[in-house]
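Put chain C on the given structure of chain U with help from the hints.
2 protein chains.
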Amino acid sequence: MSGTPRTRLRRGREKARGRREALLDVLAAGFVCHLGVVVEGVVMVVPTVYGYDPDTLYLHGSVASRSLAGPPDEVCVTVTVLDGVVLARSVFEHSVNYRSAMIYGRPGDVTDDTEKLAALRLITEHVAPGQWDYARQPNRRELAATRLWALSLGEASVKVRSGGPDDADSADARDGRWAGELPVLTGFGTPVPDPALPVGTPVPRHVADLPGTWPGRG
Amino acid sequence: MSGTPRTRLRRGREKARGRREALLDVLAAGFVCHLGVVVEGVVMVVPTVYGYDPDTLYLHGSVASRSLAGPPDEVCVTVTVLDGVVLARSVFEHSVNYRSAMIYGRPGDVTDDTEKLAALRLITEHVAPGQWDYARQPNRRELAATRLWALSLGEASVKVRSGGPDDADSADARDGRWAGELPVLTGFGTPVPDPALPVGTPVPRHVADLPGTWPGRG
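Chains as they are written, first to last, in our numbering: chain U, 1 to 218; chain C, 1001 to 1218.
To be clear, the hints were calculated from the coordinates, so they are not data collected in a lab. Glycine residues also receive a C-beta, built at the ideal position from the N, C-alpha and C atoms. Among the hints, a few may not be true.
[As the list claims (entries may be wrong)] Ranges between beta-carbon positions, derived for each pair:
id, chain 1, residue 1, chain 2, residue 2, range
1, C, E1155, U, G130, 19 to 29 Å
2, C, L1024, U, G163, 28 to 38 Å
3, U, R141, C, G1163, 23 to 33 Å
4, C, S1152, U, G41, 13 to 23 Å
5, U, G41, C, D1109, 21 to 31 Å
6, U, S170, C, D1112, 26 to 36 Å
7, U, G41, C, A1145, 25 to 35 Å
8, U, E40, C, T1201, 51 to 61 Å
9, C, P1202, U, G163, 18 to 28 Å
10, U, A118, C, D1109, 39 to 49 Å
11, U, G163, C, P1198, 10 to 20 Å
[Unchecked claim] Chain U is faced by these chain C residues, among others (derived, beta-carbon under 8 Å):
id, residue
12, V1032
13, L1082
14, F1092
15, Y1098
16, T1111
17, T1124
18, H1126
19, D1172
20, R1177
21, W1178
22, L1185
23, T1201
Chain U extracted, bound-state conformation (with noise of 0.2 Å):
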């Protein structure tokens, strides 16, 4: 993000428990990812959904397939979660409250069944909490057709900005102007029903429970 990141997580093993927790928790917060990758010479940023693992993050390869014969070389997936805008009392202060991971490697194609079904699961339920149980699981033909990437979570940054302003202490802050955070909150609206569900037909506990808003999860 433009600005200055308040809170930097870097290389260095002394820190390595701390970037994974801090990696952990963007990838939760998080809800879709971008992933980079370039075709023919091309760079492209195409959007998708992820789930993970405490080592592994998951992707469905369908995505990128319409364009790849294979999973590609070297891709960058970068999930970022918008905490809130940051009003300054100038203009040039002005940053967003944000947490990011980015992560590099070469992801591999997943092909045992198992490990599919395993990956799938990790992703519906990233996504939709609950459905795995609830909607009818993939098939044999389905599981065929899913292709899926794993790319592991070895080498991967974190920035995180949080808090106010940056210029409490400057000249600007004399001249009685507001400054502060505008938070960003996010959650689930009223289910809508399918039009061609039959009348009366219930919305399941674990959908009508999702959280209605929560904060940080953009």
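Chain C only, in chain U's frame:
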């Protein structure tokens, strides 16, 4: 996104006007973009704020200039607006409703001071409407320290998925499961004043009046 986009706007002269309107709709609804760039052979995807007019996207060059001496040859900038989660009867048919724009091109440095001010105003007003006139505007030194890129909107594509799940006609529809769309809403929370502010500094009207939630800005 995974799944089949229900609507895809393809290139073609006859659709140019509709495409441009769809592109501007995504840019208006989005908040941050993801800039894809190749730096020394490595793909990077960097989140950043943006502004735009009907012909041009403006970016803070500072974002990537830590890694780049000048504007890169070619970039892809993607703006994604999340509108909802599509809950189908089967896991396989789950999807995401979204609007996404991908803009390709070679960004140029904005060097003229008048153009820089105009571009910075577009970026500021996109992220924090009303702040350009409220906050102190950039002075000569700040403007010189601000690097801005301009990217033509001439080469862009838009993808949209909307509506409910696609398995209303499938055998799965007989199993009685609920299916539909879960809208995603984003909005601003209560403004958090900078702790350094004098007590009683009023929240300006343009900040207090920002919408609490609005559809599909994520």
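Problem - Numbers of the earlier hints that this structure fails to satisfy, in rising order - result: 1, 16 and 18
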